[in-house]
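Student: Residue-level listing of the chains:
Protein chains: 4
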Amino acid sequence: MDKVELEVRVRYVETDQMGVAHHASYFTWMEAARTELLRLKGLPYKELEARGYFLPVREAFCRYRRSLQYDNIAVVEVELLELKGASLKLGYRIYKKNDRKIAAEGYTMHPFVDKNGKIVKVPDFFKKLFGE
Amino acid sequence: MDKVELEVRVRYVETDQMGVAHHASYFTWMEAARTELLRLKGLPYKELEARGYFLPVREAFCRYRRSLQYDNIAVVEVELLELKGASLKLGYRIYKKNDRKIAAEGYTMHPFVDKNGKIVKVPDFFKKLFGE
Amino acid sequence: MDKVELEVRVRYVETDQMGVAHHASYFTWMEAARTELLRLKGLPYKELEARGYFLPVREAFCRYRRSLQYDNIAVVEVELLELKGASLKLGYRIYKKNDRKIAAEGYTMHPFVDKNGKIVKVPDFFKKLFGE
Amino acid sequence: MDKVELEVRVRYVETDQMGVAHHASYFTWMEAARTELLRLKGLPYKELEARGYFLPVREAFCRYRRSLQYDNIAVVEVELLELKGASLKLGYRIYKKNDRKIAAEGYTMHPFVDKNGKIVKVPDFFKKLFGE
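Chains as they are written, first to last, in my numbering: chain X, 46 to 177; chain S, 46 to 177; chain P, 46 to 177; chain L, 46 to 177.
If you are wondering where the hints come from, they were derived from the structure by calculation, not from laboratory data. Just so you know, not all the hints are guaranteed correct.
Any copy, or any two copies together, can satisfy a pair, since identical chains are not distinguished.
[Unchecked claim] When the alpha-carbon atoms are kept at most 27 Å apart in a straight line, the in silico DSS-like pairs for lysine-lysine are as follows:
(1) 141 with 129
(2) 172 with 141
(3) 146 with 172
(4) 173 with 146
(5) 91 with 146
(6) 142 with 172
(7) 129 with 86
(8) 160 with 91
(9) 134 with 146
(10) 86 with 142
(11) 141 with 173
(12) 173 with 142
(13) 142 with 129
(14) 166 with 142
(15) 163 with 91
(16) 163 with 141
(17) 160 with 142
(18) 86 with 141
(19) 166 with 146
(20) 160 with 146
(21) 134 with 86
(22) 142 with 163
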């Protein structure tokens, strides 16, 4: 259960004049998927923020393999890649639902920061969510 | 000087598969234009927020007349329509720069609210900016 | 069945520094809801485009009543308001799912246009979808 | 002149509830910057599309160093990193204009594709733009 899937339907606004989903949209889908991962782990991200911890993005990467069209359902799979020191690394795979062919894959890396933007160690309650 | 113009170049991400600028983008350009209006009036919006006042959107309207394409330069004209009680109403006209033909027109209405989201009267220093 | 509901979870990217969903996002949710309306009527919008008809936005209006926060589930209700001549008018109501309190309401108006951008009458097959 | 700078003012809509520019916006600024690079090279991207060539994104990467706030002016510097076979690689550096401190850096990689989405060699007229 360190892997979670979220379905996202490609919105018209997310297409561009090439007739496919714009590449920047994929990063917002990854973000929505990690929101689900934390929710299913029992700690919705807004609760994490309420506790004074934030997960800004330090690095974001995506490799695009096959385009997605308007109204396609994309399946965004997210999993924990690494959790140590002060940072969290998540990996993503995005499929087209109907044929399960891969559309893109990528990762994001996040430091843990407090309300003042200072980098802090991964809190213990967070490690426990992932059995670490 | 109660009217200000802002030039905006249509970004690729702002197009959709119809090959034109997506209608929701126009509202973000209007927003950028009112940012310029306040700056030129001497009160950047971020300073207004720093003073504890916010201008959320209560109403937003746009009528689209001619489409805009990727890389077109749009001129967004904004002017004060009304300032009374607790609210501000602004009007917008969006032109295509090269032929000055109108692309869209609209308005937004904004209540003044404080940090707690409570509606408050238009502050005097704000009225003075517009000679009212 | 001339009314359809779509649930949308507010994404982090859709918030702004006021801590609420940005007003332009509502127009993209309305768009997603009319996509569902057409699908449930039996004519997905992409099929309409495949038949050579497009529904650009002529007018868009939204009145915002209560803000929506990150991770809230918004219910977007869409219904046919008018279908005549060459145009379609749809009405929307957006609720916060957990308390069913209204967050916003609005409408969009769309001309029917062909591949060349020429305005055309509402096609008969479209009228039939709505029993008109 | 294989390096070009574009100034972008951070829009309100581009902020999120963390109070800074959202990470996905950086990719749209990079896109706007490469539009300028091609324009200054004498071949606006829309002309490239008119000639039947497209530059979808194959890879996109960004490392975020310091956050950008609403109304900050960001300077997006773009330069050619590689042009060979069927692909173009561009590098980016994003500065905060007022202190010239780096905010982010990244790259994008693009295959050349034709109207049918088939990958094709970098056309000669494109190589010449960059003196290759």
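Student: Checking against the hints above, which ones are violated?
Tutor: 1, 2, 3, 4, 6, 11, 12, 13, 14
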